[in-house]
Amino acid sequence: MIGHNRPGIFSEISAVLAEQGCNVMEAHAWSHKDSLACVAFVSDESTSSPINDPNRLASIQDHLGTVLGPDTMDEDGRSARAHMLGADGLTSHPDRRLHQLMFSSKDFDGHPGKACTAFPMLSLDGYKKGRRTVVSVDRCNEKGYSVVNVECVDRPKLMFDTVCTLTDMQFNVFHASVSSRGPFACQEYYIRHRDGHILDTADERCLVVKGVKAAVERRTCEGVKLELCTENNAGLLSYITRVLRENGLTVRQADIAMEGNKMKNTFYVQGISDNKIDMDVVESVRRELDPLPFQVKDDALLSPGQLEGEPAAERNVFCILGLLRSKIESLSWFHLLRVSK
Numbered sequence: 001m002i003g004h005n006r007p008g009i010f011s012e013i014s015a016v017l018a019e020q021g022c023n024v025m026e027a028h029a030w031s032h033k034d035s036l037a038c039v040a041f042v043s044d045e046s047t048s049s050p051i052n053d054p055n056r057l058a059s060i061q062d063h064l065g066t067v068l069g070p071d072t073m074d075e076d077g078r079s080a081r082a083h084m085l086g087a088d089g090l091t092s093h094p095d096r097r098l099h100q101l102m103f104s105s106k107d108f109d110g111h112p113g114k115a116c117t118a119f120p121m122l123s124l125d126g127y128k129k130g131r132r133t134v135v136s137v138d139r140c141n142e143k144g145y146s147v148v149n150v151e152c153v154d155r156p157k158l159m160f161d162t163v164c165t166l167t168d169m170q171f172n173v174f175h176a177s178v179s180s181r182g183p184f185a186c187q188e189y190y191i192r193h194r195d196g197h198i199l200d201t202a203d204e205r206c207l208v209v210k211g212v213k214a215a216v217e218r219r220t221c222e223g224v225k226l227e228l229c230t231e232n233n234a235g236l237l238s239y240i241t242r243v244l245r246e247n248g249l250t251v252r253q254a255d256i257a258m259e260g261n262k263m264k265n266t267f268y269v270q271g272i273s274d275n276k277i278d279m280d281v282v283e284s285v286r287r288e289l290d291p292l293p294f295q296v297k298d299d300a301l302l303s304p305g306q307l308e309g310e311p312a313a314e315r316n317v318f319c320i321l322g323l324l325r326s327k328i329e330s331l332s333w334f335h336l337l338r339v340s341k
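By the count of full-length UniProt numbering, the sequence shown reaches residue 341 at its end, each step adding exactly one.
Treat the hints with care, as some may be off.
[As the list claims (entries may be wrong)] With a cut-off of at most 25 Å between alpha-carbon atoms, the simulated BS3-like pairs for lysine-lysine come out as follows:
#, residue 1, residue 2
1, Lys297, Lys264
2, Lys262, Lys225
3, Lys33, Lys262
4, Lys106, Lys157
By construction, these hints were calculated from the structure, which means they are not laboratory data. Fair warning: this is a prediction, and the values are worked out from it, not measured in the lab.
Let the hints inform the model, and build the full structure from the sequences given.
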């Protein structure tokens with residue numbers, strides 16, 4: 001599913017699935033800017049088997065489409081839609097599919113034809129709320145590559161997210177180097193379009209900059225992390241998300257999956273009105289969900305204060321050293337290949 005993000009939409013999706021007699025076995029949802037993407041694995045509530053009735057599937061899809069929004073293009077060329085892929089339809093990893101859905105909805109909020117005037121290399125401007133993402137595109141004329149440089153906060157699956165999006169944008173990666181220091185990472189990719197050409201125009205470079213930056217930031221977890229481990233009971237997800245919504249919380253990201261014989265529900269939530277959460281609200285949710293085991297966690301790599309407190313000179317030195325090291329590693333690799341021949 002892909003649709004326009006708004007407060008409470010994940011709760012509405014969960015309610016529709018429950019009303020249609022679907023038991024959610026696994027679900028993953030990301031929100032980025034004004035887009036929400038969701039992949040859900042469901043079974044029939046009464047039989048615990050896949051739903052194969054075409055009429056019923058069409059009804060489920062129609063109801064989900066109503067929640068997601070009209071299946072028409074908006075002024076930016078984006079659409080809301082739900083797809084039924086069947087028992088064997090989801091051939092890619094859920095995270096891979098979420099990237100594809102987000103990219104297809106142009107969640108990066110920019111595409112060829114719109115002005116893009118700056119391609120910052122080492123600028124630290126625009127790092128807010130604990131995010132540090134700078135993407136630039138250079139040229140390697142000697143080898144006939146475009147070079148994509150990415151500097152951001154390091155985290156798990158960072159390279160996976162970047163390469164997935166470059167692939168979705170129809171690029172082949174020929175060489176790459178990744179380095180990290182402390183909480184930060186530098187990535188460098190030597191790419192060509194699948195038809196062999198490099199990035200010649202400002203529009204093409206703008207699209208890559210925006211697309212890669214979105215890929216890095218989609219998985220960034222904003223808000224308070226809530227965890228619940230429960231039995232896999234039909235309708236429970238709808239109940240949990242309804243309680244969150246009624247307490248003024250909206251789900252920014254969700255991961256629901258079986259762990260052994262238990263269902264692990266992980267939500268990142270924010271306040272609907274101003275993104276801030278009063279801990280009294282969290283306690284209210286805890287009481288309402290009692291006796292379900294409920295945990296509040298904060299596993300952010302860095303708080304905004306930590307980023308803002310880091311000396312700018314040190315951050316600049318890190319990026320320069322990272323890029324130099326990647327250049328040296330690339331040269332060493334080419335030299336090793338020549339010697340081995």
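Going back to the hint list, which numbers does this structure go against?
Hint check: 3 fails alone, others pass.
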